[in-house]
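S.K.: Residue numbers (this note's numbering), protein chains in the order written: chain U, 43 to 349; chain X, 43 to 349.
Chain copies aren't distinguished; within one or between two, either way the pair holds.
Simulated crosslink set (DSBU-like; lysine-lysine; CA at most 30 Å straight-line):
hint : residue 1 : residue 2
1    : Lys-337   : Lys-305
2    : Lys-115   : Lys-298
3    : Lys-211   : Lys-305
4    : Lys-344   : Lys-136
5    : Lys-305   : Lys-115
If you are wondering where the hints come from, they were derived from the structure by calculation, not from laboratory data.
Number of protein chains: 2
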Amino acid sequence: MKDQFYQYIQTLQDQICKGLEDIDGVAKFREDLWDRPEGGGGRTRVIENGQVFEKGGVNISAVHGKLPDSMQKLFNVGEADFFACGLSLVIHPKNPMVPTVHANWRYFEMYDTSTELSTGLRKVINSWFGGGQDLTPYYLFEEDAIHFHQTCKTACDQHNAAFYPKYKKQCDAYFWNAHRNEARGVGGLFFDYLKATEAQSMEDWYNFVTEVGNSFLEAYLPIVAKRKDLPYSAEQRTWQEIRRGRYVEFNLVHDKGTLFGLKTNGRIESILMSLPPQVQWHYDHHPVAGSEEEKLIQVLEKPVDWI
Amino acid sequence: MKDQFYQYIQTLQDQICKGLEDIDGVAKFREDLWDRPEGGGGRTRVIENGQVFEKGGVNISAVHGKLPDSMQKLFNVGEADFFACGLSLVIHPKNPMVPTVHANWRYFEMYDTSTELSTGLRKVINSWFGGGQDLTPYYLFEEDAIHFHQTCKTACDQHNAAFYPKYKKQCDAYFWNAHRNEARGVGGLFFDYLKATEAQSMEDWYNFVTEVGNSFLEAYLPIVAKRKDLPYSAEQRTWQEIRRGRYVEFNLVHDKGTLFGLKTNGRIESILMSLPPQVQWHYDHHPVAGSEEEKLIQVLEKPVDWI
Chain U
43 MKDQFYQYIQ
53 TLQDQICKGL
63 EDIDGVAKFR
73 EDLWDRPEGG
83 GGRTRVIENG
93 QVFEKGGVNI
103 SAVHGKLPDS
113 MQKLFNVGEA
123 DFFACGLSLV
133 IHPKNPMVPT
143 VHANWRYFEM
153 YDTSTELSTG
163 LRKVINSWFG
173 GGQDLTPYYL
183 FEEDAIHFHQ
193 TCKTACDQHN
203 AAFYPKYKKQ
213 CDAYFWNAHR
223 NEARGVGGLF
233 FDYLKATEAQ
243 SMEDWYNFVT
253 EVGNSFLEAY
263 LPIVAKRKDL
273 PYSAEQRTWQ
283 EIRRGRYVEF
293 NLVHDKGTLF
303 GLKTNGRIES
313 ILMSLPPQVQ
323 WHYDHHPVAG
333 SEEEKLIQVL
343 EKPVDWI
Chain X
43 MKDQFYQYIQ
53 TLQDQICKGL
63 EDIDGVAKFR
73 EDLWDRPEGG
83 GGRTRVIENG
93 QVFEKGGVNI
103 SAVHGKLPDS
113 MQKLFNVGEA
123 DFFACGLSLV
133 IHPKNPMVPT
143 VHANWRYFEM
153 YDTSTELSTG
163 LRKVINSWFG
173 GGQDLTPYYL
183 FEEDAIHFHQ
193 TCKTACDQHN
203 AAFYPKYKKQ
213 CDAYFWNAHR
223 NEARGVGGLF
233 FDYLKATEAQ
243 SMEDWYNFVT
253 EVGNSFLEAY
263 LPIVAKRKDL
273 PYSAEQRTWQ
283 EIRRGRYVEF
293 NLVHDKGTLF
303 GLKTNGRIES
313 ILMSLPPQVQ
323 WHYDHHPVAG
333 SEEEKLIQVL
343 EKPVDWI
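Extracted from the complex, chain U is given alone in its bound form (with noise of 0.2 Å):
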């Protein structure tokens, strides 16, 4: 399974940037190669500056190792060997009628140090799949909710009417900036521990979250193009920075991810490709009554069944 699903990623990153490359039309992803020195590494790659994407990342990792003890916190594990990989993307567009994208998959696996077999393998303990994809607005078309959101049901009904429902409700309770009492955008999927059962096996969770990681580009690039020409104003502009803080916010006072990636010796500059390239912070911004940029704060106030 890890074999497989690392080697998934590898060619998800390269056809996910393929597609965003192409709709940028100027642009190329630069890469760097990183090593954990516990074991493992990545592969990081940033585009910067083009004609569609001012600053974007997608990224994947594969680490393995000693479970970290914050990490045996976390799981509530005692010793322990891990390994982890996964595909992570933050993408933020000039154009703020453009939304910014997330999305991440990622599968782990944890190993009893205790049972090392003959042949060196270690036998597994405990192994899931994680992950999601979310939108993030500054001005508010709800045809693109609607369209991202639609391609996430459609991926998960492949596989169980009842996973669309679930993951997008867990998207709206992981994205919610809470110092705000707000969410950081329309939302869209995120499950994790989906583990085997006796309804699901790896292989079937194998097959659902390869499932959303192929419907990315569906979901993100028809808003992309339909939005990257639409004219906007210096005002505009501020309005997406101003929103940006809020993403800076929620990435760094609430992310699981990211606060983990922080303070286990991550790769920061793989860790923080996921912030913005230009933000503002205005002192008690409030948007005018009855203005676009209104209408998009009342909806981010209460997430909204967009099917």
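Put chain X on the given structure of chain U with help from the hints.
M.R.: Leaving out everything else, chain X in the frame of chain U:
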């Protein structure tokens, strides 16, 4: 003590705002009064888009009530009533040659809820002062760092020759951006849990903390005066905005005061007034070898004894 200190920070807020307005020459602080539903409130003063100061806040608050659960855990106590008041300021100048400054002075009291006195007053079971002031330059003028530290030291030395080295060291330790392995700035003073001992009464600590508070304008304004009219390039401004990103990272990831406020239902806009107005994140940015920008980073990698 509590009334005396609350009186002091009100006066100090007036003095500091006046000093900053005078040197700015154009912008005035706007004032927002706010109430805390559970008891108390604050007086937030914010300056924006000045000639010298791009954004800054000088806030006081005095809050009281039942000690929140999170603080019970922090202080390792059971149910108690509390009172806390303090002044907190962060100033972000426009010109990258002028450093950002932060200061805070606070007083905390806890009451035993089982000892209601006939007067309606409760027995104080614990009380302490905390605070400090620190400087964050974007371009390093060594004489500015020395002036700031010398002013801190002079204030400390009026009380105890051991205070400056001790609180200077604590400042370097506290404002350490661990995930970047660098200091936020060139430091200053940081002290906390200043409680009555045989050698120092609360009255002694009050005299010390107010001495430091009174030294703030003297520590900062001469630096502003000397640097505010220096010319700077667009590239130097970009560098300032990138470094402001590190300020955001510290405040949202590491700063106990900020996180405490965000997680205990403080007034968000008063807490986050500390965030800079315009900020940039570039992927894997490194200054040119031998440049002034690189010199700053090298100094931030290891705390300097400025005096």
